[in-house]
Amino acid sequence: MFTLAQARYLVATLRPRIDELISIRADLAELRADLSGGGLSPLGGVPELKALEARLYGILDELDDHGIQVKGFAPVLLDFAGEREGRQVLWCWLEGDDDVRWYHRAECGFPGRRPV
Numbered sequence: 001m002f003t004l005a006q007a008r009y010l011v012a013t014l015r016p017r018i019d020e021l022i023s024i025r026a027d028l029a030e031l032r033a034d035l036s037g038g039g040l041s042p043l044g045g046v047p048e049l050k051a052l053e054a055r056l057y058g059i060l061d062e063l064d065d066h067g068i069q070v071k072g073f074a075p076v077l078l079d080f081a082g083e084r085e086g087r088q089v090l091w092c093w094l095e096g097d098d099d100v101r102w103y104h105r106a107e108c109g110f111p112g113r114r115p116v
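Residue 65 in the working numbering sits at position 65 of the sequence shown; the count goes up by one each step and never skips.
For the record, the hints were derived by calculation from the structure and aren't laboratory data.
EDC-like cross-link-like pairs, simulated, lysine to aspartate or glutamate; straight-line CA separation at most 16 Å:
#1 71 - 61
#2 50 - 30
#3 71 - 95
#4 50 - 27
#5 50 - 34
#6 71 - 107
Ranges between beta-carbon positions, derived for each pair:
#7 96 - 1: 22 to 28 Å
#8 115 - 47: 43 to 49 Å
#9 37 - 16: 29 to 35 Å
#10 39 - 95: 27 to 33 Å
#11 67 - 107: 15 to 21 Å
#12 39 - 81: 41 to 47 Å
Glycine residues also receive a C-beta, built at the ideal position from the N, C-alpha and C atoms.
Between the sequences and the hints, there should be enough to build the whole structure, so can you do that?
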């Protein structure tokens, strides 16, 4: 369980890793597109693709090790289990947000997001 302050702290602390995840995601998309047509890529070939995938999954595992629920990575969507007014909620951070400013009841999912 996370307090809102703890969720905000983790996002701020892990922001360099989240930004790296976003960069790797873009490189992977470009490299896959280049290689799917049998072409060459300035990003490399299959070995570089496998290395990028390993780095991406490593960051996802790291986020999971912190207890963060990764709901998506295109865009990156992170949830932090918590409590608000006696109810189970998920503090929610979406790529592009500068801070954790949303929450939703666990059973309502993303459509139930509300401002903190």
